[in-house]
Amino acid sequence: MKNNVSVLIVDDNIDNLQIVSNFIQKSHRNYKISISTNGEHALNSIKRSKPDLILLDVMMPNMDGFEVCKILKKNEKTKNIPIIFLTAKEETVDIVKGLKIGGADYVLKPFNFQELLARMETQISLKLSQDKIKRDLKKINNLNEKLKKANSTKDKMLAVIGHELRNPIGNFKMFLDLLTHKNHKINEIKKQRILGLMKENANFTYNLLENLLFWAKTQDDEISFLPKKLNIKKLTNEIISNFSISIEKKSIKIINDIEKDFEIIADKNMLLTIFRNLISNSIKFCFENGKIKISLKKHKEFLEFIVSDNGVGISKKNIDKIFDKNKNFTTYGTQEEKGTGIGIDLCRIFVEKHKGEIWVESAENKGANFHFKIANNL
22 MKNNVSVLIV DDNIDNLQIV SNFIQKSHRN YKISISTNGE HALNSIKRSK
72 PDLILLDVMM PNMDGFEVCK ILKKNEKTKN IPIIFLTAKE ETVDIVKGLK
122 IGGADYVLKP FNFQELLARM ETQISLKLSQ DKIKRDLKKI NNLNEKLKKA
172 NSTKDKMLAV IGHELRNPIG NFKMFLDLLT HKNHKINEIK KQRILGLMKE
222 NANFTYNLLE NLLFWAKTQD DEISFLPKKL NIKKLTNEII SNFSISIEKK
272 SIKIINDIEK DFEIIADKNM LLTIFRNLIS NSIKFCFENG KIKISLKKHK
322 EFLEFIVSDN GVGISKKNID KIFDKNKNFT TYGTQEEKGT GIGIDLCRIF
372 VEKHKGEIWV ESAENKGANF HFKIANNL
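All residue numbers for the sequence shown refer to this note's numbering, where the first residue is 22 and numbers rise by one.
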């Protein structure tokens, strides 16, 4: 039994309170005793400090023990406190009434104190056992939720690996066969084109795996937040250069409007992931000869970044789906480019890590402007 079990004794008779309290204290149990002389005082006392057990007199003026019991049993916070009624009434109907409204037990006056102690110990042991069972059930439920989440993450990863990686790896194999097959004579121009396509496939596969691994870590909250000083122009230019093949393929014009020497405090890997996904999305949904612009608005408390394009745009119903964390919404690009829907969810998670938010302004056939803001004082 735990130390300092708290017991509240409620009786309008001061002599009874003292007798019961003194006897319990002399029993050398680890009971912390508090007393109340009426029902209203008892209820106020319980609000301040919830006892482990209540000894409750039935016959009290203004509010009897039955009424106090009813109030406690209706309250979610107090309904599980065991109540032993103290009663001089021997009528079966009153004893049954007390048990029906939620009393755990009863002891008749005049008290047999050994019986009272035995009944108290029984109820406290039951209460402590029930509390332990509840704690254990909560742990089991938490473990089950974690297991479900882990299985869901595993299924998502397997689905992405199985479906999304098949094409780029298949293409990669085909290009290698073309380059290494003895019977195929390939001129330098065609060879460079094939190497460019291989690079594009390699970049796609790398970005997909980066997203997938980051996303898996976020599901288990394993991502560390490590803000440091960054040159944002340099970081965004690095990402743009990684997409050079795709940009050239669609003849897209990219304008990086961020100041050359502008520095911010942010987590580099998270910011790389945010910009990589937003720029990748813009390329994916741009037509040939399209235009993408990366810009920054400075506010007092935060920085607002915008990645805008003049591509296909997004319908209102799809805007709602994009930021639904329970869905991984995706559509095909202007040249049938695939996606997983993981990227935008990662952007949302990583922006929120920076105490910010992400949103999009768009309409069908009018391009898209993805905005995200992050705190300016990390």
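Calculated directly from the structure, the hints in this document are not laboratory data.
Remember, it's a predicted structure, so these values are computed and weren't measured experimentally.
Fair warning: there could be bad hints in the mix.
Said to hold, decoys possible - Here are the simulated BS3-like pairs of lysine-lysine, each with C-alpha atoms no more than 25 Å apart in a straight line: (1) Lys-254 - Lys-160; (2) Lys-170 - Lys-342; (3) Lys-160 - Lys-238.
To be verified - What follows is a list of derived Cβ distance ranges for each label pair: (4) Lys-94 - His-320: 37 to 45 Å; (5) His-320 - Asn-290: 23 to 31 Å; (6) Gly-191 - Lys-376: 38 to 46 Å.
A virtual CB, placed ideally from N, CA and C, is assigned to each residue, including glycine.
Q. Of the numbered hints stated previously, which ones are contradicted by the structure, given in increasing order?
A. 1 and 4
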